[in-house]
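S.K.: Modelling step: build the complete structure from the supplied sequences, incorporating the hints.
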Amino acid sequence: MEALRKYREMVERGINPDTVSYTVLIDGFSKEGSVGKVVGFLKKMLKDGVMPNVITYTAIMLGFCKEGKFEKAFRLFKEVQDMGIEVDEFMYATLIDGACRKGDFDCVFHLLDEMEKKGIKPSVVTYNIVINGLCKVGRTSEADNVFKEVAGDIITYSTLLYGYTEEGNIKGIIKTKEKLEKSGLCMDVVACNILIKAFFMVGAFEDARALYQAMPEMDLNADSITYCTMIDGYCKVGRIEEALEVFDEYRVSLVSSVACYNCIISGLCKQGMVDMAIQVIIELGEKGFILDMGISMMLIRAAFAQMGAVGVMNFVYKLENFGSDTYNSLCDDAIRFLCKRGFVETATEVYFVMRRKGLILMKSSYNLVLEKLIYGGTTSLVGPFLNFFLKDYGLVEPIVGKILAQYLCLNNTDIALRFLKKMKEQVSTVSLPPSILKNIVKEGRLLDAYKLILEASESFADMDVVDYSFLVHALCKEGYPNQALNLCSFAKNNGITPNIVTYNSVINGLCCQGCLVEALRLFDSLERIGLVPSTVTYATLIDNLCKQGLLLEAKNLFNGMMYKGCKPNIRVYNSFIDNYCKFGQMDEALKLLSDLENKSVKPEEFTVSALIYGYCMKGDMEGALTFYSEFKMKNVSPDFLGFIHMVRGLCAKGRMEEARSILREMLQTKSVVELINNIDTKIESESIESFLVFLCDQGSIQEALVVLNEIASILFPSQKWFTVHQESQALNNGLKSETLSAVSTVSAGSNKISDSDGAAECYDIGKEESQFRSFDFYYSLLSSLCSKGELHKANKIMNDMLSSLQGDM
DNA sequence: ACATTATAAC
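Residue numbering for the first sequence is 1 to 809, as defined by the UniProt record's numbering.
It is possible that part of the hints are untrue.
Derived pair list, reagent style PhoX-like, types lysine-lysine, alpha-carbon separation capped at 25 Å [stated by the list, open to error]: (1) Lys421 with Lys402; (2) Lys270 with Lys287; (3) Lys653 with Lys599; (4) Lys318 with Lys340; (5) Lys477 with Lys424; (6) Lys171 with Lys136; (7) Lys442 with Lys340; (8) Lys236 with Lys177.
Worth flagging that the hints you see were computed from the coordinates, not collected in a lab.
M.R.: Put into structure tokens, the structure is as follows:
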């Protein structure tokens with residue numbers, strides 16, 4: 001910069017710069033890494049009629065090499081020779097260094113040969129360059145060997161020593177150190193620094209310390225690198241006291257370097273000495289150094305490891321008096337860190353500290369905070385934060401519109417649509433992540449998701465076939481096959497072709513709606529749109545045909561699939577077996593079972609259950625039990641329904657003890673959680689009842705209640721886990737240790753959907769006494785009814801209770 | 001008068 005000013009002064013005064021002035025400038029820019037400016041000056045030079053010399057070109061080549069553009073440097077080298085300029089050792093050395101940094105050693109040795117042919121004898125500098133190049137790629141021994149005839153200088157030894165240290169080659173270090181001592185060369189600071197590092201590498205801490213202390217006698221002053229090497233060397237082996245001692249020596253020295261601070265801070269963090277690390281950071285700030293962001297991040301991590309989110313908060317508070325730029329990015333980092341670790345609330349506290357100081361959060365950090373708040377954070381903070389974001393960045397900033405639209409979509413489709421429309425007209429189209437649809441569906445607002453896509457399709461340009469298929473699947477599952485089909489053609493119009501997976505969902509959806517004919521028609525049309533039916537396609541249709549009793553059609557389809565080379569899986573066989581069993585054709589079912597076993601298709605839970613059901617239907621409990629034990633030995637147990645069938649069958653015959661032991665076996669193979677997960681899909685209410693009776697008989701009323709609570713959460717999904725939590729809190733208050741297991745099961749459930757904030761909120765709501773009392777009332781009534789086995793009455797009371805609690809919410 | 005080589009921390 002200074003050089004540039006002098007140059008301008010020269011031009012202003014009408015003094016024409018000569019080759020040397022230009023060369024000095026070019027060299028400066030080359031070293032600074034701005035080759036663009038260098039080329040500009042070269043052109044200007046030529047225009048002014050000032051001829052560049054070999055030194056000018058060397059400087060330019062250096063610039064190219066520094067930028068990693070070795071090819072350009074090499075081309076220039078050729079051009080220079082073509083111009084008839086005699087190249088010298090400097091130029092070769094520069095080029096060889098470039099080739100080394102590129103790792104092109106063929107070129108390096110070729111250039112050395114060329115030099116020799118031209119009669120240019122390489123000096124120790126050139127050799128050092130090559131040695132350094134080899135050391136940097138881990139070929140230190142080779143470098144040592146190849147150039148052992150060359151009389152090295154202090155740089156040669158330093159380079160080799162450093163190479164061996166990096167490679168961890170202890171023998172190499174010792175050998176080189178001895179050679180260096182024998183050479184009688186005078187040590188300089190760099191050599192000392194490298195030797196100290198080597199001493200630490202081999203574990204010779206005393207030697208490292210001795211050399212460090214002997215430096216003044218050698219007329220050498222420790223520099224920042226000396227201090228860093230010493231501090232880091234001690235820190236790496238956990239000798240923090242000695243590191244601190246050196247750091248104190250650095251403090252009273254004339255050396256000033258932020259790197260020394262960074263070294264000791266990182267060492268303190270690794271030792272978990274967070275408080276002292278913060279002290280050092282404060283001192284660093286007072287000295288006017290810039291806080292390295294990597295270092296502040298390290299402290300955030302260390303503070304978190306020691307004290308959790310509070311530790312991070314504490315760190316932020318303690319650095320309040322730092323320069324605002326540094327403090328701003330520190331807060332940004334802390335906020336992002338806390339969000340990522342799941343502590344949005346603490347992150348918002350940090351944000352308020354920032355705000356008080358008039359600092360502004362980065363866009364992406366705002367976005368992160370809002371995402372965490374919207375998807376599972378404190379709801380009441382979402383509004384204020386959307387406001388702050390909007391005020392700081394405005395709606396013109398796409399990311400603001402995006403998060404705002406996401407929030408609206410999750411809350412009110414119509415407002416969201418109006419917003420999206422306005423944005424499109426007045427600002428720009430807001431693009432939304434397809435994943436938001438999953439969240440809307442999760443809230444049970446399937447048709448809202450559907451509406452959003454149709455009416456704001458520009459905002460969903462990123463949707464792929466999987467995203468569409470997800471929604472098609474959900475629509476089918478909830479009984480909207482027509483909307484699903486409509487979505488398929490909508491997707492196609494938007495350039496996303498639905499695949500066989502998508503259509504499988506539609507086919508299944510149509511079947512579930514009882515539209516078997518339409519499903520078959522869709523199946524027939526698949527070929528026309530170039531889709532090949534998969535095993536799932538066939539399995540779906542065959543299963544539904546079987547369920548409708550259309551066995552002949554099912555068999556035709558089965559033959560069709562075999563003909564097309566599509567292998568039937570266990571699900572296909574299950575459909576037939578289930579059908580035979582339901583109609584008492586056990587022989588047919590058993591024949592098919594042995595068939596599929598011959599084809600090495602493995603029976604699964606459902607297969608076994610279907611057959612057990614068949615036996616039970618016929619009242620053949622011996623058959624059922626024998627079949628059960630036979631498959632138990634093969635490690636295939638029935639599903640819940642299979643167990644329940646056996647229990648019922650045995651109960652009907654008055655074989656209570658056997659029923660009990662089967663139930664016990666069921667509880668051994670299946671966990672309560674697994675049962676709960678199956679309630680809404682596979683188990684009908686009667687079976688739940690049998691299960692509850694069993695639990696009550698065993699005296700596990702709490703467990704029975706947990707199951708009931710789970711049912712409540714399925715019946716009233718909008719309440720999510722709130723009710724359940726309130727109840728378990730109440731249980732906890734009323735029954736203490738007896739119910740703790742129940743509470744933990746429920747807690748596990750609410751953790752599963754990560755609704756910890758919901759749980760906390762519940763707790764607050766639950767503090768209002770009236771609710772507890774009302775629950776206690778229900779609870780005592782229920783438990784006495786359950787213990788008497790009056791399940792029907794208990795069920796009725798339970799329903800009353802659930803609806804009354806629902807009213808309270 | 002101008003050009004080439006070695007060392008520290010996250």
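S.K.: Work down the list of hints and note, for each, if the structure agrees.
M.R.: Against the structure, the hints:
1. A distance of roughly 13 Å separates the Cα atoms of Lys421 and Lys402; the hinted pair therefore holds under the 25 Å criterion.
2. Between the alpha carbons of Lys270 and Lys287 the distance comes to roughly 24 Å, so the proposed pair stays at or under 25 Å and holds.
3. About 38 Å separates the Cα atoms of Lys653 and Lys599, which puts this hinted pair outside 25 Å; it is violated.
4. Among the hinted pairs, Lys318 with Lys340 is consistent with the structure: their alpha-carbon atoms are about 22 Å apart, no more than 25 Å.
5. For a cut-off of 25 Å, the pair hint linking Lys477 to Lys424 is broken: about 33 Å separates their Cα positions.
6. Between the alpha carbons of Lys171 and Lys136 the distance comes to roughly 18 Å, so the proposed pair stays at or under 25 Å and holds.
7. For the suggested pair Lys442 and Lys340, the alpha carbons sit about 23 Å apart, so the restraint of at most 25 Å is met.
8. For the proposed pair Lys236 and Lys177, the alpha carbon gap of about 23 Å is at most 25 Å, so the pair holds.
Hint violations for this structure: numbers 3, 5, all remaining hints satisfied.
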